[in-house]
Amino acid sequence: MNLINLRIAWRNIWRNKLRSSVVMMAVTVGLFGGLAASGIMKGMVVDMVKNSLENQVSHIQIHHKDFKANNEVDFLIENSSGIIERIKKNKEVKGVCERTKSYGMASTASKATGIMINGIVPEKEKQVTQIYNKLSDSLGNYFISDKKNRILISEKLAKKLNAKIKSKIIITFQDYNGDLTGGSFKVEGIYKTQNGMFDEQNVFVRKVDLDKLLDMPANSSHEIAILLNDFQKAPEVLSQIKPAIPEYFSEAWYDIEPYLKFTSTLTEFMLLIFMSVILLALGFAIVNTMLMVILERTKELGMIMAIGMNRFKVFKMIMYETTILAIVGGALGILVSVIFTWYFGNVGIDISSVGEGFESMGFGSVMRPVLEFADYIQVIVLVFITGIIASIFPTIRALKMRPAEAIRN
Amino acid sequence: MNIIELKDLHKIYNETEVEVHAVNGVDLTFEKGEFAAIVGPSGSGKTTLLNMLGGLDTPTSGKITINNTDISHLSGSQLIDFRLWNIGFVFQAYNLIPVLTAKENVEFIMHLQGRKKDEREARTNELLTAVGLGDRLNSRPSKLSGGQQQRVAVARALASKPKFVLADEPTANLDSKSTENLLDIMERLNKEENITFIFATHDARVMKKARRVITVEDGKIVSDVRKNGDE
Chain A
10 MNLINLRIAW RNIWRNKLRS SVVMMAVTVG LFGGLAASGI MKGMVVDMVK
60 NSLENQVSHI QIHHKDFKAN NEVDFLIENS SGIIERIKKN KEVKGVCERT
110 KSYGMASTAS KATGIMINGI VPEKEKQVTQ IYNKLSDSLG NYFISDKKNR
160 ILISEKLAKK LNAKIKSKII ITFQDYNGDL TGGSFKVEGI YKTQNGMFDE
210 QNVFVRKVDL DKLLDMPANS SHEIAILLND FQKAPEVLSQ IKPAIPEYFS
260 EAWYDIEPYL KFTSTLTEFM LLIFMSVILL ALGFAIVNTM LMVILERTKE
310 LGMIMAIGMN RFKVFKMIMY ETTILAIVGG ALGILVSVIF TWYFGNVGID
360 ISSVGEGFES MGFGSVMRPV LEFADYIQVI VLVFITGIIA SIFPTIRALK
410 MRPAEAIRN
Chain B
499 MNIIELKDLH KIYNETEVEV HAVNGVDLTF EKGEFAAIVG PSGSGKTTLL
549 NMLGGLDTPT SGKITINNTD ISHLSGSQLI DFRLWNIGFV FQAYNLIPVL
599 TAKENVEFIM HLQGRKKDER EARTNELLTA VGLGDRLNSR PSKLSGGQQQ
649 RVAVARALAS KPKFVLADEP TANLDSKSTE NLLDIMERLN KEENITFIFA
699 THDARVMKKA RRVITVEDGK IVSDVRKNGD E
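Top line first, the protein sequences correspond to chains A and B.
Here the working numbering is used: position 36 in the first sequence is 45, and no number is missing along the way.
Here the working numbering is used: position 23 in the second sequence is 521, and no number is missing along the way.
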């Protein structure tokens, strides 16, 4: 391989150390800024998706075909335990649980609000969601007591209802027969997830207590939630479950909450756009530098064209120089970004002082930047493209020179 | 045997405004092994003539034939290729690549020709030794004197094994000793290896060494003197 052009390009870069260093530093800082911001943005979305799946959505859900449209308590899944046993046999399934769900009204002596009542089997629920993990020690327990009519409410709802541990909350709702019914529940635990909207609406009670109040038929539920070992296997597992229980409606997390998938895809796309804009701006800085270089080396370029260097080789020589400028700066920018993402990915950036607004949108109060190998590859490709494109205009300028005039410059 | 033939060569600048006849109806031939100088005052057209001879400029009309190839109608890229394989250049300001060593500067043109490493290295050593710089192979131009740089330029011009070498004011930036030294080297190469040298110069020392002196005035050849007395 003929490396003379590469050698010339590399040495030419260091002819003006200060100027080349400034350009490289601009690329480094620009890329780091872009990657850090993208990493934070992506980390927030990944966190949001993870929290939503672990606390709320899980990976696959099964309902009665009409339940989601109407949320009526009489749209049941019958023989829940039989279905669960069949699903458990799938090797990709990590946990399965059934739930009874009903909209209702929660009220204390001073306040009342609309809620979604989730009737859960605590031990099974532990296999699927992390709600049991969202209670701090000082804020009660996760259904330790065997006593009936215990309830978990969120910190947000507790504030809203002016309730504490051991407070009594009256829950009213419509039963399976359409009659208004209700019960008094004692607060056993107060939880807090990173999704303020979810927290405000959801309470958890034992399924057995709720089923009794709703007058539900035995061995029935409204929802079966499935957690997989790998969320990316959802389409594969779904295609196995669907034909096994065709009478019910099974769907994966990306269909249950399309905004999660959309937000992830949008973030990837935004990262591409964001980095492209930054590199476009840096490309102009490189073009400007290279135009100065061409001007300074008029005689030299005239000479090499006079002695017989063809247009393609001239382009290659200039391209090497611009690409090296972009790549060295880019490599440093990527290195700093890797360190930044690794460090703050572990430690996290606490934004709790301004995090309330974020929480209401489902984002956490600790940001952990996330950048994957593919993201870096994408940026490296963009840096290469920038280097090549940035060399076109200076090359055109160089090739317009008449060698005889350039030499006498 | 003629290796270069110029027939009724014209070069007119600023054709749309004021016409300047830089070269005006030149007929000229060069034989293999000549050591010739084109001389004349500034603005006489000698450099334009040299540029057209070297394929760096195209004539407005007329014909330039080099080794039976009419170069006056070659395209830009054909001319570049033609220069690479047929013509060696020595410029007034040396024009070496400053980031390359003497050895790399000489090798550079052979890289362009795609010659193999062994051949490149052998020829580079041979040429730099021939111009008296065998001990400065790895010096960069900034570490060499003007005379030494111009000798590297001569070695580079010969590296491509050209049909002839064009030297535009090669001694203009050199002191007497360096000029003498450079001219001796070129004269020796001319005599020993039958390499054709054509100079554009107004340096009396070059004219003295040249065996043929062509005088140009106002774009026309006013005299063509060979040192053996023929005109």
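Honestly, the hints are just simulated from the structure, not real lab data.
This one's a predicted model, so the numbers in the text were calculated from it and none came from an experiment.
Wrong hints could be hidden among the right ones.
Chain B is faced by these chain A residues, among others (derived, beta-carbon under 10 Å) [what the hints assert, rightly or not]:
| no. | residue |
| --- | --- |
| 1 | Lys26 |
| 2 | Ala46 |
| 3 | Gly91 |
| 4 | Lys177 |
| 5 | Lys242 |
| 6 | Leu304 |
| 7 | Glu309 |
| 8 | Met314 |
| 9 | Ala315 |
Reference excerpt, derived from the structure (chain A facing chain B, CB under 10 Å, subset only) [claimed, not checked]:
| no. | residue |
| --- | --- |
| 10 | Lys135 |
| 11 | Tyr263 |
| 12 | Ile313 |
All residues carry an ideal CB built from backbone N, CA and C; glycine is no exception.
Structure-based check of each hint:
1. A distance limit of 10 Å between C-beta atoms decides the matter here; for Lys26(A) the minimum to chain B is near 13 Å, and the interface restraint is violated.
2. With a least beta-carbon distance of about 38 Å to chain B, the hint placing Ala46(A) at the interface is violated under the 10 Å criterion.
3. Contact between Gly91(A) and chain B, as hinted, is not supported at the beta carbon level, the nearest pair being about 77 Å apart and thus beyond 10 Å.
4. Interface restraint check: Lys177(A) against chain B, minimum CB-CB distance 85 Å, threshold 10 Å, status violated.
5. Hint status for Lys242(A) relative to chain B: violated, with the closest Cβ pair at about 55 Å, above 10 Å.
6. Violation of the interface hint for Leu304(A) is found here, the shortest Cβ-Cβ separation to chain B being roughly 16 Å, above the 10 Å cut-off.
7. Because the closest C-beta pair between Glu309(A) and chain B is about 6 Å apart, less than 10 Å, the hint holds.
8. Interface hint status for Met314(A): upheld, as the beta-carbon distance to the closest one in chain B is roughly 7 Å, under 10 Å.
9. Taking 10 Å as the C-beta contact cut-off toward chain B, the hint placing Ala315(A) at the interface holds, the least distance being around 6 Å.
10. Interface hint status for Lys135(A): violated, as the beta-carbon distance to the closest one in chain B is roughly 68 Å, over 10 Å.
11. Checking Tyr263(A) against chain B: minimum C-beta separation of about 56 Å lies over 10 Å; hint violated.
12. This hint holds: Ile313(A) has a C-beta 7 Å from the nearest C-beta of chain B, less than the 10 Å allowed.
The structure fails hints 1, 2, 3, 4, 5, 6, 10 and 11 (numbered hints given earlier, in ascending order).
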